[in-house]
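Asks: What follows is the residue order along each chain.
Number of protein chains: 4
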Amino acid sequence: MPHMPDTTTTLAVLKEAMRQFVAERNWEPFHSPKNLSMGAAVEAAELMEHFLWVDNETSRQVAGDPEKLAEIADEMADVACYLLALSNVLAIDLTEAILAKLAKNAIKYPAEKYRGRFRLDE
Amino acid sequence: MPHMPDTTTTLAVLKEAMRQFVAERNWEPFHSPKNLSMGAAVEAAELMEHFLWVDNETSRQVAGDPEKLAEIADEMADVACYLLALSNVLAIDLTEAILAKLAKNAIKYPAEKYRGRFRLDE
Amino acid sequence: MPHMPDTTTTLAVLKEAMRQFVAERNWEPFHSPKNLSMGAAVEAAELMEHFLWVDNETSRQVAGDPEKLAEIADEMADVACYLLALSNVLAIDLTEAILAKLAKNAIKYPAEKYRGRFRLDE
Amino acid sequence: MPHMPDTTTTLAVLKEAMRQFVAERNWEPFHSPKNLSMGAAVEAAELMEHFLWVDNETSRQVAGDPEKLAEIADEMADVACYLLALSNVLAIDLTEAILAKLAKNAIKYPAEKYRGRFRLDE
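Chains as they are written, first to last, in the numbering used here: chain A, 1 to 122; chain B, 1 to 122; chain C, 1 to 122; chain D, 1 to 122.
Careful, some of the hints might be misleading.
For identical chains, the list gives no copy identity; a pair is met inside one copy or between any two copies.
[As the list claims (entries may be wrong)] Calculated lysine to aspartate or glutamate pairs in the EDC-like style (CA-CA distance at most 20 Å, straight line): (1) LYS113 x GLU71; (2) LYS108 x GLU96; (3) LYS15 x ASP74; (4) LYS68 x GLU49; (5) LYS68 x ASP55; (6) LYS104 x GLU46; (7) LYS108 x ASP93.
Hints in this document: simulated from the structure, not taken from any laboratory.
Isolated chain A (complex conformation) (with noise of 0.2 Å):
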C-alpha cells in the first residue's frame, strides 16, 4: 500500500476506497442511512468506551500510549468509514458540509465572545 497520509490524501479518494470495498461484497443492500447511522453511533460509543472511566485529565495521557492509541486510531476509523460510506449513499460532499459547518459554527460562537468559555452564562 503506498504512503497515504493526511496531507495528500482527499476524502473523494477515501470515500471511493470505501465504495470499492462495499461493491466488492454487494454491500449496498444493508447499506440504508437508517443502517449506516447505527453503525457510526455504535462505534462512537465503542470509542468513547476507551475513556469511560477516567477524568478528562487523565484521559489526554492516550497520547503517549502507542498502544493505546493504535486502539484509538482503530475506534476512529470505524466513524468514519460509516461516515464515508453515508456520504456515498446519500452523494453528500462531506468537505463542503465540514467547511459550511465551521463557517455556521463561527457566527454562532463568536470568538471574542467564547473565549475560553463554551457557554455565556457562566
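With chain A fixed as given, assemble chains B, C and D onto it according to the hints.
Replies: Frame of chain A; chains B, C and D shown alone:
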C-alpha cells in the same frame, strides 16, 4: 469561501481548519479525548435520530429530499468535526487509520465468502 | 436468590441492590453523573448493535430465539443498571420521572390525533 | 395522579403504563426491537449531552440544582421508557435481567479484588 469539494480537499486541510476554529476560541482545555469522544457519540445519535422511526427502505428516500439531505449533511459534519478535533489532539493520521482499517476488514471479510451477506451463518 | 420478578419488585429494591454492589467495591468515586451517563450510552449502543443489520420486521424475530433473547436482556440490564446508579447518585425517583414523562407525552401526543402515526404531517 | 414513588411501584406497573400508552396510539407497528433500541441510544445520548463539557466533579453539582435535576430526570425517563417498551415487545422480565446481571458482575468483579479500582492492572 472558495469552492473546496471532496475531490480536491485533503484531510490535513480540514484538520487545520478545525484546529484554527478551536484555537481562536481557546477551547483546547475543553477538548480532552474523553469530551471529544462524547461529542462524537452525541452527534452520531442526533444523526441517527433522523432515521429513528422509518424502515430501511424509507430511509433511502432522503436522497431525494434536498431539505432533509441538508439536515443530514449538517449532522454528519458535526460527527466529522469531533473526529478531526480528536485527530488533532492525539496527533492521529486519520487517513492512514481509515486505510489500515479497510485493509484489515478486507482480510476479515473476504469478498468471495461475504458477498451479499454480513454473517457466514446465514 | 429468591424469585423476584417484575410483578413484585419495586424500583427502590433494585436501586438498593445497585447501591450495595457499588458500596461493596468503593466505586462511588467513579460514579459521577458524567461517567454514569456515558456508561448508559455505551450499553445502549451495545444493545442496538444486536439489531444493526436487520430490518425492523426481522428484529422482531428475536422474541422467538431464547439464546438471542438472553443476550438482549443482558444488554438491557446493563443500561438499566446505569440508570439505577444515576438515580442513586442524584437522589432521583425514577418511577415518578417515568410516570411524569408518560403524562407529559399523553398531552404532547393526543391519542386521537396520533393514532397509527408518529408525525402529523404524514 | 396518585403518588407512586420508587418505594411502592413495581416494574410490572410501569410496563403496563407504557403498554397502555402505546396501545392507545396504535404505535405497536413502530415498536420493533430495532427501533426501540435506537430510541434508547438516542435518549441516552441526550442524557449524556448534559454532561458533555464538564469535569466529573462538576457533573456531581447537578445534584444541588433542582432545575437541571428535573431535566436530567426527564432524559432518564426517556431511556427507561424505551427499556420498558422493549421489555413489553420481547416479554422480558427486566427485574430478573437486572438481578441476574448484578449476580454475574459480583462474580466478575470480586469485591476484595476490585475495591476502589475498576481494573486490576492499575
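Asks: Indicate, hint by hint, whether the structure satisfies it.
Replies: Consistency of the hints with the structure:
Proximity of LYS113 to GLU71 under the C-alpha cut-off of 20 Å is found in neither arrangement, the shortest distances being 37 Å within a copy and 27 Å between copies. In this assembly of identical chains, the alpha carbons of LYS108 and GLU96 lie at most 20 Å apart only when taken from the same copy (18 Å versus 33 Å across copies). Taking identical chains as interchangeable, the C-alpha atoms of LYS15 and ASP74 lie at most 20 Å apart whether they share a chain (17 Å) or sit on different chains (18 Å). In this assembly of identical chains, LYS68 and GLU49 lie within 20 Å of each other by CA distance solely inside one copy; the values are 12 Å within and 23 Å between copies.
When the C-alpha separation of LYS68 and ASP55 is checked against a cutoff of 20 Å, the pair qualifies only within one copy, where the shortest distance is 16 Å, while the shortest distance between copies is 22 Å. Taking the shortest Cα distances, LYS104 and GLU46 sit within 20 Å of each other only across copies (18 Å), while inside one copy they are farther apart (29 Å). For the identical chains of this complex, LYS108 and ASP93 are neighbours neither inside a copy (22 Å) nor across copies (29 Å), given an alpha-carbon limit of 20 Å.
Checked against the numbered hints above, the structure violates hints 1 and 7; every other hint is satisfied.
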